[in-house]
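**Student:** One letter stands for each residue in the lines below.
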Amino acid sequence: MPERILDARWLEPPEPMELTLAAIDGLEPGEHLRLLIHRTPHMLFPILKEWGFDYRTHTLDDGTHEIFIWRKEQAAAGDPGPA
Amino acid sequence: MSKPASLSLDQAPPIGVPLRFFLTAPLFALTAALLLLWQGPDLFSSRWNPALLGLTHLLTLGFIGLTMLGAILQMLPVVASAPMRRPVLIATFVHALGTGGIGLLCYGLIFTAPLALQIALPTLGTVFLLFSALVVITIRRSPAHNMTARAMRLAALMLAATVLLGLILLSNHAFGWWLQTREILTNLHLTWGLLGWIGILVVGVAYQVVPMFQLTPPYPATLTRWLAALLFILLLGLAPASHFPTLLIVLKAMLAAGFASFALTTLWLQSQRRRTLPDVTLSFWHGGMISLLLAVSLWLAAQCVPAWGVTQSYGLLLGTLMIVGFAMSVINGMLYKIVPFLVWFHLQSRRGANGPKVPNVRELLPESRTRRQMRLHFFALGALLAAVLSPSIFTYPAALLFGASSLWLWLNMVSASRTFRKVNALLGQTTASAG
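Chains W and S are the protein sequences, given in the same order.
Taking the numbering used here, the leading residue of the first sequence gets 1, the next gets one more, and so forth.
Taking the numbering used here, the leading residue of the second sequence gets 1, the next gets one more, and so forth.
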């Protein structure tokens, strides 16, 4: 699955959210965004839900949060998002 | 480690809830500057000067109190992890009665108008005591018990105690009777207000906002767990200790050490931040923490040279450092983070997926404008401190600088608010035409 990467680690709020929302705007069907961030972006999740995106979070060994974001229609079409 | 608080779309109150407080507060600071300009050097003649009492409350209740009320109404649903019921009604009630009551109190003090004070007394009592109860009850029912919420609850209790003392003292002015213990109660009122309500609230809020916005390491867990509670107990102890001078000095020394350790820890954390780009809010916090340390040093110096501690200028210097230097600096700095963020957040949530672009936080409030206002604020602080020491030379320049800084802050708030209205209207048109 094609991937876009956004490294928002140690950017001052709300820059990570600004960049993430701008990045997902341009996501093509079948693409996903891999967001790297230094803290859990609690405020982002409700917006993603409301805008019709799905996400999966994962914490790396160095404490970085890795968040995969994709359009919900993909899952509906049988693609469960990034493996 | 405290549980991180967050704000979700369904929990956030409408932007008008906090914004009305942030737009009104700088006008009270501006009024204080105009009062200083009108009264001139005589204002500093005595700490009991009614006009100086009016000026103090224009700043503590009008500027500091209103912004803190607005910020807490915004944060409460986040802290409580549940939306507030009828936020607009509560905000309208608190704001209307609060501004009216503060206006009447200051008018009554400045012009010695007992009727205004008699109306202000129940008005302010109702608003602030109900508000304290709202904060304490909401946080008690909250499932999330982070250290910021705990500090906020202790600060609200201190607000209630400060207000109760304030009401007793106000009844003296309003009904013309004088308590023998007026000086002790006044000292307790201002100490609980400045160190309890404002001080503990800033400490608690710093635990969240300093690491989050300034990208510093978190505050040490020992400090976040104990400091607010310790300050609260020490402040409460001041009441019974007022008749025991040795105990009083021990409690005050521990309070001074507590606030100094908070200021030093904050400055140390800020020196460890990940990014070293200049930031206006960070500079405001630096100024606030340095003012707090200067206030502690001043208090310490007065203990070493008791003759100096009883002079008129000592109390006024301490008050200026705590009110304008510490509290107003931190609040002014935070407004520059909170207001553009709220405007951006509400526009962003309104825009929806694939909607038109909304301005980012830097475009909403450009740093060039906030930085100039910050310089003016600190020049004003320096001039005000100089005016306390030498009123005849510095009072008028201080009033002009402080007035200009307050006006500029207000214009910056108005500008962000107007951008919100403009873009919000555009988004409304886009949604309508898309529908």
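Hints were generated in silico from the structure; no laboratory data involved.
Incorrect hints may appear among the rest.
[What the hints assert, rightly or not] Incomplete in silico selection of chain W near chain S, CB under 7 Å: (1) 8; (2) 23; (3) 51; (4) 54; (5) 55.
[Said to hold, decoys possible] Here are the simulated EDC-like pairs of lysine to aspartate or glutamate, each with C-alpha atoms no more than 20 Å apart in a straight line: (6) S/357 x W/66; (7) S/357 x W/28; (8) W/49 x W/28; (9) S/357 x W/73.
Glycine residues also receive a C-beta, built at the ideal position from the N, C-alpha and C atoms.
**Student:** Indicate, hint by hint, whether the structure satisfies it.
**Tutor:** Structure-based check of each hint:
{"no.": "1", "hint": "8", "verdict": "violated, 12 Å"}
{"no.": "2", "hint": "23", "verdict": "violated, 13 Å"}
{"no.": "3", "hint": "51", "verdict": "holds, 4 Å"}
{"no.": "4", "hint": "54", "verdict": "violated, 13 Å"}
{"no.": "5", "hint": "55", "verdict": "violated, 14 Å"}
{"no.": "6", "hint": "S/357 x W/66", "verdict": "violated, 26 Å"}
{"no.": "7", "hint": "S/357 x W/28", "verdict": "holds, 18 Å"}
{"no.": "8", "hint": "W/49 x W/28", "verdict": "holds, 17 Å"}
{"no.": "9", "hint": "S/357 x W/73", "verdict": "violated, 23 Å"}
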